[in-house]
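Trainee: Each chain is listed here by its residues.
Number of protein chains: 2
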Amino acid sequence: MKISDAEKQALYKVIYSRRDVRKDFLADEIPNDVLARILQAGHHAPSVGFMQPWDFILVTQEQTKRVIKQGYEQARLESAQQFAQDKRSDYESFKLEGILEAPLGICVTCDRNRNGPVVIGRTIKPEMDLYSTVCAIQNMWLAARAENIGLGWVSIIHDDVLREALDIPEHLDIVAYLCLGYVSQFETKPELESLGWLPREDINQLIHKEKWRPKS
Amino acid sequence: MKISDAEKQALYKVIYSRRDVRKDFLADEIPNDVLARILQAGHHAPSVGFMQPWDFILVTQEQTKRVIKQGYEQARLESAQQFAQDKRSDYESFKLEGILEAPLGICVTCDRNRNGPVVIGRTIKPEMDLYSTVCAIQNMWLAARAENIGLGWVSIIHDDVLREALDIPEHLDIVAYLCLGYVSQFETKPELESLGWLPREDINQLIHKEKWRPKS
Chain A
386 MKISDAEKQA LYKVIYSRRD VRKDFLADEI PNDVLARILQ AGHHAPSVGF
436 MQPWDFILVT QEQTKRVIKQ GYEQARLESA QQFAQDKRSD YESFKLEGIL
486 EAPLGICVTC DRNRNGPVVI GRTIKPEMDL YSTVCAIQNM WLAARAENIG
536 LGWVSIIHDD VLREALDIPE HLDIVAYLCL GYVSQFETKP ELESLGWLPR
586 EDINQLIHKE KWRPKS
Chain B
386 MKISDAEKQA LYKVIYSRRD VRKDFLADEI PNDVLARILQ AGHHAPSVGF
436 MQPWDFILVT QEQTKRVIKQ GYEQARLESA QQFAQDKRSD YESFKLEGIL
486 EAPLGICVTC DRNRNGPVVI GRTIKPEMDL YSTVCAIQNM WLAARAENIG
536 LGWVSIIHDD VLREALDIPE HLDIVAYLCL GYVSQFETKP ELESLGWLPR
586 EDINQLIHKE KWRPKS
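Respectively, the protein sequence lines represent chains A and B.
Quick note: the first sequence uses my numbering, first residue 386, plus one each step.
Quick note: the second sequence uses my numbering, first residue 386, plus one each step.
Please keep in mind that the hints were generated in silico from the structure rather than gathered at the bench.
Be aware that one or more of the hints could be misleading.
One copy or two, either will do: identical chains are not told apart, so a pair holds if it fits within one copy or between any two.
[To be verified] Pairs of lysine-lysine, PhoX-like flavour, derived with a Cα cap of 25 angstroms:
| hint | residue 1 | residue 2 |
| --- | --- | --- |
| 1 | Lys596 | Lys450 |
| 2 | Lys398 | Lys594 |
| 3 | Lys408 | Lys480 |
| 4 | Lys398 | Lys387 |
| 5 | Lys574 | Lys387 |
| 6 | Lys574 | Lys472 |
| 7 | Lys574 | Lys393 |
| 8 | Lys596 | Lys393 |
| 9 | Lys480 | Lys454 |
| 10 | Lys594 | Lys454 |
| 11 | Lys408 | Lys393 |
| 12 | Lys393 | Lys454 |
| 13 | Lys600 | Lys450 |
| 14 | Lys480 | Lys450 |
| 15 | Lys472 | Lys398 |
| 16 | Lys408 | Lys454 |
| 17 | Lys596 | Lys454 |
| 18 | Lys408 | Lys387 |
| 19 | Lys387 | Lys480 |
Between the sequences and the hints, there should be enough to build the whole structure, so can you do that?
Mentor: Below, the structure is given as structure tokens:
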């Protein structure tokens, strides 16, 4: 099946306008058919040995979100100690999640035993199943953006908090907790770039021909 | 910026028609501007703390590809031993890479020290930088498909083979070796599904409401 020039441009538009969203969430519920399309986009990600190791836990209850938010707050305080003094106050001023404001949370897990124990393509690189799950998340991220829905990945939280809050059994790895919702606006740039935390790397310094070479 | 309905449909078309490509590669070279767009799509993936930890090593030389192919062959033989007897001959019959036929190889690495040592969002979940790199790969995979270029991820190879063949220093993690090229056709389904190795999972069994529940 051929992809037309207009379709290609559409993909690039989605890729370039996708943001990690932590603010500007609206309370509007995500309709079921829209959510189903986002999850199906995840389910049609590549997976090693076609193992499809992912599960999606949908969180809408306020009480559960409060427990997760508390876990985030604790992990955030703990993390602040790791930053050098001159960066710490910047770090503390950033809004890094929208757990309570986003109408929907999705916890994405990886069942490393699914369709195993021996999985084609995972025999040498055991982390491939986790990587497949991340491919699913990136598909969901782009699908959400194409639905004009913001998505933010909350990584400042201990797995144990999510495991307990969501009854996730020990045999599943927790890959991500995502916050989704319609937004009042999408930022045009990554927030950490706009805020001057870090600049965009020069891509020419990241491309190497035939062999890896140190940066010039 | 709003994404239109037509643009949304285009994204889904690309997501659903993306395949892991191991055969049907054509020898035609990928033009520089096309390759630049695929790499820029990767570079505009989300990254934890905006760390952009990826590098891209482009491989076109026949001699290098032969070394990598040899590494694959060895890892494939080693892997075959892990499959139960009744699955082994199927496994051995599958074509799982297009290292020599694809005109371009791209090794994608993760520099876990870049823009560190303390990275926002990686303080609790150290694997987030590797996951960011996988997001870049998934963006490249979709961009390649939108350019009507096939991409296959070769995971049956030891990192050491790639490290030596491509002069990759010890401080970089090797995430993927990708094969890219125009193709005579894209399969309509994942090959391991068509070949009857595994069926597509029922997505309804993978979605959980509020808490994780065992499969019914």
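Trainee: Work down the list of hints and note, for each, if the structure agrees.
Mentor: Each hint tested on the structure:
For the homomeric pair Lys596 and Lys450, the shortest alpha-carbon distance between copies (12 angstroms) is at most 25 angstroms, but the shortest distance inside one copy (47 angstroms) is not. For the homomeric pair Lys398 and Lys594, neither the shortest alpha-carbon distance inside one copy (28 angstroms) nor that between copies (32 angstroms) is at most 25 angstroms. Taking the shortest alpha-carbon separations for Lys408 and Lys480, only the intra-copy value of 7 angstroms comes in at or below 25 angstroms, while the best inter-copy value is 46 angstroms. Proximity of Lys398 to Lys387 under the C-alpha cut-off of 25 angstroms is found in both arrangements, the shortest distances being 19 angstroms within a copy and 10 angstroms between copies.
When the C-alpha separation of Lys574 and Lys387 is checked against a cutoff of 25 angstroms, the pair qualifies only between copies, where the shortest distance is 15 angstroms, while the shortest distance within a copy is 31 angstroms. With identical chains, the CA atoms of Lys574 and Lys472 are at most 25 angstroms apart within one copy only, with a shortest distance of 21 angstroms there and 49 angstroms across copies. For a Cα distance limit of 25 angstroms, the shortest separation of Lys574 from Lys393 qualifies both inside one copy, at 21 angstroms, and across copies, at 21 angstroms. Within a single copy, Lys596 and Lys393 get their C-alpha atoms no closer than 30 angstroms, and across copies no closer than 38 angstroms, so neither meets the 25 angstroms cut-off.
In this assembly of identical chains, Lys480 and Lys454 lie within 25 angstroms of each other by CA distance solely inside one copy; the values are 13 angstroms within and 47 angstroms between copies. With identical chains, the CA atoms of Lys594 and Lys454 are at most 25 angstroms apart between copies only, with a shortest distance of 19 angstroms across copies and 45 angstroms within one. In this homomeric assembly, Lys408 and Lys393 come within 25 angstroms of each other (Cα to Cα) only across copies, at 23 angstroms, whereas the closest approach inside a single copy is 29 angstroms. Taking the closest pair of Cα atoms, Lys393 and Lys454 never come within 25 angstroms of each other, the shortest separation being 38 angstroms inside a single copy and 32 angstroms across copies.
Within a single copy, Lys600 and Lys450 get their C-alpha atoms only as close as 44 angstroms, which misses the 25 angstroms cut-off; across copies the closest is 24 angstroms, which meets it. For the homomeric pair Lys480 and Lys450, the shortest alpha-carbon distance inside one copy (17 angstroms) is at most 25 angstroms, but the shortest distance between copies (46 angstroms) is not. When the C-alpha separation of Lys472 and Lys398 is checked against a cutoff of 25 angstroms, the pair qualifies neither within a copy, at 33 angstroms, nor between copies, at 43 angstroms. Taking the closest pair of Cα atoms, Lys408 and Lys454 come within 25 angstroms of each other only inside a single copy of the chain (14 angstroms); across copies the shortest separation is 47 angstroms, beyond that limit.
For the identical chains of this complex, Lys596 and Lys454 are inter-copy neighbours only, at 16 angstroms across copies versus 45 angstroms inside a copy, given an alpha-carbon limit of 25 angstroms. Proximity of Lys408 and Lys387 under a CA criterion of 25 angstroms is satisfied inter-copy only: 17 angstroms between copies versus 38 angstroms inside one chain copy. Taking the shortest Cα distances, Lys387 and Lys480 sit within 25 angstroms of each other only across copies (24 angstroms), while inside one copy they are farther apart (42 angstroms).
Violated hints, listed in ascending order, are 2, 8, 12, 15; each of the other numbered hints is respected by the structure.
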